[in-house]
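From first to last, the protein sequence lines stand for chains A and G. Taking my numbering, the leading residue of the first sequence gets 289, the next gets one more, and so forth. Taking my numbering, the leading residue of the second sequence gets 31, the next gets one more, and so forth.
If you're looking for bench data, these hints aren't it; they were derived computationally from the structure. Each hint should be verified, as a subset may be incorrect.
[Claimed, not checked] Pair ranges (Cβ atoms, derived): (1) Asn306/A x Met31/G: 32 to 42 Å; (2) Ala293/A x His106/G: 49 to 59 Å; (3) Met348/A x Leu145/G: 12 to 22 Å; (4) Arg347/A x Glu159/G: 34 to 44 Å; (5) Ala39/G x Asn306/A: 46 to 56 Å.
[Stated by the list, open to error] Listed next, the in silico DSS-like pairs over lysine-lysine satisfying Cα-Cα at most 27 Å (straight line): (6) Lys72/G x Lys321/A; (7) Lys32/G x Lys72/G; (8) Lys321/A x Lys151/G; (9) Lys32/G x Lys321/A.
Where a beta carbon is used, it is the ideal one built from N, C-alpha and C, also for glycine.
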Amino acid sequence: MLGVAESTVALRIRQLRNERTMLVTLRRDLFSKGYELQCFADISVRGRDVDEVARDLARMGEVSAVNVMLGSPEVSVTISATDRADLQRILGQELASIRGVARIEIHTAIDIRKYQPGYANLGNPDEN
Amino acid sequence: MKIDATDEAIIRAFQVDGRQSNREVSRALNISEGTVRQRLRKLLRARAVEFDVVVDHAQVGIQFVAYVRVSVAPRHLSSFLDTCQRLPEIFYLAHVVGRFNVMALIAVRTAVEALEVINTKVEPLRGVEEIEIRQVVRAAKHDFHETVIGKHD
């Protein structure tokens with residue numbers, strides 16, 4: 289297709305991987321992990337540094353993404369839950385117990401049409 | 031499908047580097063190459079996993095990532111989602127319940143480009159009532175290994 293040797297492609301892929309420009313990886317289906325629900329929680333932070341709250345949220349296993357946002361609510365997280373009871377536990381116990389979390393607004397996905405997290409900050413392994 | 035501890039270990043190994051050979055993974059996990067091959071094939075066939083490429087967004091010029099939330103009139107929702115699903119700038123799209131009924135993630139080079147996508151490709155679609163754009167300043171966590179297989183074009 290590209291008109292170049294296979295060894296050239298392999299070499300370039302290796303270079304791109306070493307430079308952390310590109311990574312070939314294995315993606316895991318959300319539902320095969322036993323999760324039935326995916327939610328987006330907008331979190332308003334009060335009385336605590338936003339990055340500290342974001343770091344605490346990032347430690348949660350059910351949270352796959354934590355983003356610090358421009359404006360308020362200051363943080364947005366993506367949560368996976370096995371069912372409604374699990375979601376209730378995550379929101380009511382885990383998220384609510386993090387100091388600085390003042391308010392949570394939820395959007396729950398009922399039909400995920402596209403999910404291609406093809407971009408990432410590969411230069412910062414702490415984020416992944 | 032049932033995924034056991036050995037499957038999990040194989041998945042984790044290929045998540046770190048998807049270009050490893052089955053032999054390299056078998057050596058690292060102290061299991062036979064045949065076990066890795068069979069289990070990986072089973073996981074791929076069941077669509078529990080898939081190999082894919084992740085690109086560093088900064089190195090390809092992606093500087094603007096935002097959540098785009100849209101209220102769409104229910105009778106136009108299906109066609110709205112069908113159209114947005116085909117937009118390359120949108121890498122996540124879902125019908126959601128909450129204040130809005132559509133959630134999208136957009137990744138482009140600049141805020142101006144994002145505005146152009148919204149103004150020319152999203153806002154003119156039938157049924158659009160309200161659009162909210164929330165820009166991501168920085169990510170504290172992003173598990174790019176998670177996906178929904180079979181839902182993307």
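Results of checking the hints against the structure:
1. Asn306/A x Met31/G: 32 to 42 Å: 34 Å, holds
2. Ala293/A x His106/G: 49 to 59 Å: 50 Å, holds
3. Met348/A x Leu145/G: 12 to 22 Å: 33 Å, violated
4. Arg347/A x Glu159/G: 34 to 44 Å: 38 Å, holds
5. Ala39/G x Asn306/A: 46 to 56 Å: Once the Cβ atoms are compared, 25 Å apart, the range 46 to 56 Å for Asn306/A and Ala39/G is violated.
6. Lys72/G x Lys321/A: With Cα atoms ~15 Å apart, Lys72/G and Lys321/A stay inside 27 Å; holds.
7. Lys32/G x Lys72/G: Between Lys32/G and Lys72/G the Cα gap is close to 11 Å, so the pair holds against 27 Å.
8. Lys321/A x Lys151/G: Status violated; Cα separation ~34 Å.
9. Lys32/G x Lys321/A: 10 Å, holds
Hint compliance for this structure: hints 3, 5, 8 are broken, all remaining hints hold.
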